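Trainee: Make a model of the complete structure from these sequences and hints.
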Amino acid sequence: MNARVRPLRLGALATSSIARRRTLPTAVGMPEVELVAVAGRSVDRARRFAGQFGCEAEPDCAALLRRPDVEAVYISTPTSLHHVWADRALRAGKHVLVEKPLGVDADEARRLCSLAGERGLVLRENFMFLHHPQHAFAEDLVRRGRIGTPSAFRASFCIPPMPAEDIRYAPGLGGGALLDVGVYPLRAAALLLGRGSRVAGATLRVRASDGLDLSGQALLVSPSGVLAQVTFGFEHAYASSYTLWGDKGRLSVTRAFTPPPAHRPELVLVEQDHEERFTLLASDQLRTCLQDFTAAVRGGARGEESAEADLREEAIALMECVDDIRARAVRVAVDDRP
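full-length UniProt numbering numbers the first residue of the sequence shown as 1 and each following residue consecutively.
Be a bit skeptical, because a hint or two may be false.
List of simulated lysine to aspartate or glutamate pairs, EDC-like, C-alpha gap at most 20 Å [said to hold, decoys possible]: (1) 248 with 292; (2) 100 with 87; (3) 248 with 139; (4) 100 with 275.
These are calculated hints, taken from the structure and not from any lab test. As the structure is a prediction and not an experimental result, all values here were calculated from the model.
Mentor: Right, dumping it as structure tokens:
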């Protein structure tokens with residue numbers, strides 16, 4: 001009988017909303033994870049988190065990183081601080097799961113990925129949707145030729161306006177629609193079309209007062225010549241979907257990025273005179289993401305030829321695309337909102 005693998009001893013850096021609502025409740029319910037400690041800017045808030053999730057509270061994030069019993073950290077600080085704390089965690093010898101994206105630009109992503117590779121540590125973004133089986137199912141349909149030769153891709157992730165005090169409206173904290181929701185359809189394009197798409201054009205609607213991007217679109221060209229359009233923003237009724245067209249059919253994923261754990265996905269394949277709907281089993285993509293992170297830490301296969309190296313390259317490629325969109329975008333100034 002195999003010995004039971006001990007749980008991954010995890011520390012949480014930051015007392016964010018997503019940590020409180022989603023990540024930590026899932027983590028503490030998993031036998032693969034033991035939440036050891038939490039730390040943030042407010043000691044009182046860290047203590048409330050500790051009481052809620054049954055762990056210890058540290059006076060600050062640096063103290064948490066000094067703990068020898070913390071093997072890995074989950075970082076959910078504002079985006080502008082992802083690089084700062086991921087860098088410190090890696091230098092402290094901790095594996096890192098950080099909320100997406102890795103940093104605010106490709107340079108930050110490159111530096112973190114290089115450091116993780118040098119130190120043989122796992123560094124992953126918390127892109128939960130990549131761990132949902134509906135996307136592997138979609139890839140398999142395309143691979144089997146059900147839509148023929150792909151020629152066009154369209155993806156959207158849009159949400160309604162948020163309260164004015166939301167940190168995603170704070171430019172100094174890495175706010176803006178491109179870094180928050182835009183990275184999802186861009187990452188989906190890389191998943192379905194391959195890494196290395198070129199930016200052919202982009203537009204951003206920005207706040208007149210400070211230039212913060214509220215929404216946008218980008219046109220991409222994949223390495224194989226597929227044309228892609230991605231739409232994102234904080235100014236829309238909710239949308240979370242993608243569609244891939246080919247010369248024989250059109251495949252749509254209707255709840256692509258944030259399906260609830262109990263949701264049974266429905267993929268729609270439309271051919272010339274035929275429509276087929278595939279209803280899949282429900283899946284908790286966050287739980288699977290955490291399981292995969294734990295397995296990567298325990299597996300130890302983190303050399304330059306490993307899957308971890310490939311994931312690091314994908315993270316860098318995403319941020320290179322973000323930088324290119326920023327550089328090429330036509331900006332349309334709009335009245336401040338909210």
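Trainee: Mind checking the alpha carbons of residue 248 and residue 292 for me, to see if they're no more than 20 Å apart?
Mentor: violated (35 Å)
Trainee: For the pair we were handed, residue 248 and residue 139, check the Cα-Cα distance against 20 Å.
Mentor: Roughly 16 Å between the alpha carbons, so the hint for residue 248 and residue 139 holds.
Trainee: Sort out whether residue 87 lies within 20 Å of residue 100, counting only the CA atoms.
Mentor: At roughly 15 Å apart (the allowed maximum being 20 Å), residue 87 and residue 100 satisfy the hint.
Trainee: Under the criterion that the straight-line Cα-Cα distance not exceed 20 Å, is the pair residue 100, residue 275 satisfied?
Mentor: Not OK: residue 100 and residue 275 at ~35 Å, beyond 20 Å, violated.
Taken one by one, the earlier hints fail for this structure at numbers 1, 4, listed in ascending order.
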